[in-house]
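In order, the protein sequences belong to chains A and B. For the first sequence, position 42 (counting from the first letter as 1) is numbered 51 according to my numbering, and the numbering increases by one without interruption. For the second sequence, position 52 (counting from the first letter as 1) is numbered 61 according to my numbering, and the numbering increases by one without interruption.
Calculated from the structure, these hints are not laboratory results. Treat the hints with care, as some may be off.
A pair holds if it fits inside one copy or across any two, identical chains being indistinguishable in the list.
With a cut-off of at most 27 Å between alpha-carbon atoms, the simulated BS3-like pairs for lysine-lysine come out as follows [said to hold, decoys possible]:
(1) 306 - 317
(2) 70 - 84
(3) 336 - 84
(4) 70 - 335
(5) 118 - 317
Protein chains: 2
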Amino acid sequence: MSSEFPVPETRVLAIASHVVSGNVGNKIAVFTLQSLGCDVAALNTVQFSNHTGYHQWTGSKVSAEEISSLYDGLKQSYLDDFDMMLSGYIPGAEAVSAVGRIGEDLREKSLAGSSSPGGFFWVLDPVMGDNGRLYVAEEVVPAYQALIEHADLILPNQFEAEVLSGVKIVDMDTLKEAIEMLHRRYRIPHVIITSVSLPTSDLPPQHLSVVGSTMTSDFRPRLFKIVFPAIDCYFSGTGDMFAALMTARMRQAIWEEPSDLRTRRSWLSGDEADVLSLPLVRAVERVLGSMHEVLTKTAEAMAVAVEKTKATTAAALVDGGEESKKKAHLLTSKNAELRLVRNVASLRNPEVVFKAKAI
Amino acid sequence: MSSEFPVPETRVLAIASHVVSGNVGNKIAVFTLQSLGCDVAALNTVQFSNHTGYHQWTGSKVSAEEISSLYDGLKQSYLDDFDMMLSGYIPGAEAVSAVGRIGEDLREKSLAGSSSPGGFFWVLDPVMGDNGRLYVAEEVVPAYQALIEHADLILPNQFEAEVLSGVKIVDMDTLKEAIEMLHRRYRIPHVIITSVSLPTSDLPPQHLSVVGSTMTSDFRPRLFKIVFPAIDCYFSGTGDMFAALMTARMRQAIWEEPSDLRTRRSWLSGDEADVLSLPLVRAVERVLGSMHEVLTKTAEAMAVAVEKTKATTAAALVDGGEESKKKAHLLTSKNAELRLVRNVASLRNPEVVFKAKAI
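One chain only, chain A, in its complex shape (with noise of 0.2 Å):
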């Protein structure tokens, strides 16, 4: 291993939406995992002018067609020799379904060739909705529950872990209640849900947890949880950078391990192993100190592009018209994109500030 570089030589499969300007999906996952020393391979399944959250874009899907199409170009010139898969936005319940079938067969290429079988490890990101309500449509919630006993570390958001294990989380033990039934009906080994947020929580003000487990042998779950402090914004891709960071945090902390564990399936982590000496509590507590310093700066900066653009939102909204209203929703969209390039080191050498604590 490098010196410079937190992972060892690593060959990610990236699959997920292309942004011409801006950081959302892949634009943010292959700049991630490239500064973290991954070699990346780029599946776009969108190529879009921007991201959605500025109400208005061009550009267009990659149907599951071509992504197929794309993948059986990698393998026919023996380019599908993959260690890691990560996949985030899909565009519709068939371009989900093809996904599946790329991550099903790198597993099974893992399982029978000479690779052993934790040389594939598939991080799924479910992007299915957030705050109660999907934003994708009907049949994507079944395509994903089909292929999510193919990975081996998924990240849903508090409302999708509802929608993957159909218990609604209203406070920890119907939480706990989630992870466990994701880790049985789906023999998902690691699972973190970002952001949650519960009616009754003893968390301080202006703060989320993240809360993860890696099942035992047995399905049973290992608890863990990460307190932060919320920053007071809207970021949109912060998802992506979460699961961007998660994919090469966990390679690093499963390579900080004796070496039997990245030989076994899914790095699963024997029923001895202590909750909080897990390596996805390690990979977690990194991504969470790069996020909290790239947030922190993104919000920096944009008070400093808030400042500047005053003037021509400020006009919008004493005007009130439709279209100033319009415009200064498009310059705060832009001013609230995050700010990667110049922020790697953040990426690269983040402060471990946030501890987890066992459940």
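Given chain A's structure and the hints, the job is docking chain B onto it.
Okay, now just chain B, sitting in the frame of chain A:
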């Protein structure tokens, strides 16, 4: 300017091809420019599984209409505030013209608006052919000829310089003539001809040269040459790496000059400037430093990889069947992919060892 990055905040529109696996086109440009600190908007002109040097690939081209539409999408959301543009491979004459209209539009904005004439700079790599033959359709040539006057710096190879200038380059005199013709005919201020190879050369064995010029106000060339050792292997994407590095290093070199220069159209140095003091010269020297380091390390890594796949390729050569030969070619193509990610230090902090001489 941050001490971490060689360039001030710079927003670049990069228009080139995208490959899922490997490094050519925008896959190189985006990472290289981001690593040097630029905010990159990446407009992909194709999405292919891999580069065409493998002789087989899947994926599709983006139409001229889609390219224009993606740019319109940026414009309608105030995302067209580019400091620079880099254009590489564009599929077909109509798409070349569409990219030309984008460049023209950004140029007009910089001349008309609150920006300065130096507020936009276009680096154009006129990808048409090499070694005496076109690898694009014939109608692409006039399409390029029509748009070069809107660019600021062009990076033809020797063959492309011949095609654009109409001058057959056989010795140093005809090389000078070709460059002067490019300055005069297209009013193009900065020209670099990459990989010059002349029959009557005085170069040491296994060496190549780059020849460049920044014109005077009356279109006379100020010519320089840099000699560097060739690496005995054909790598795809070297031209794309050169172009991406030039984009960032040109910006850096101009920002090292008195601030007056960056406000002038095309960042054109005054007639009093001596050739070896040109920003273009400093930029190319740094670029060649990075190129040499990355190519050397790629050749080293390739030797290791070739050793690993030796059994397979040796069998192919002994066997001699078409399928085996094909497999050997595919494995060699993969091993020859540029090793960018783990040599990012060479992109960012190259040693400058090859120095320019005035011609």
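Results for each hint:
1. 306 - 317: within (17 Å within a copy, 44 Å between copies)
2. 70 - 84: both (22 Å within a copy, 20 Å between copies)
3. 336 - 84: between (45 Å within a copy, 12 Å between copies)
4. 70 - 335: Only inside one copy: residue 70 and residue 335 sit 25 Å apart there, 33 Å across copies, limit 27 Å.
5. 118 - 317: between (53 Å within a copy, 20 Å between copies)
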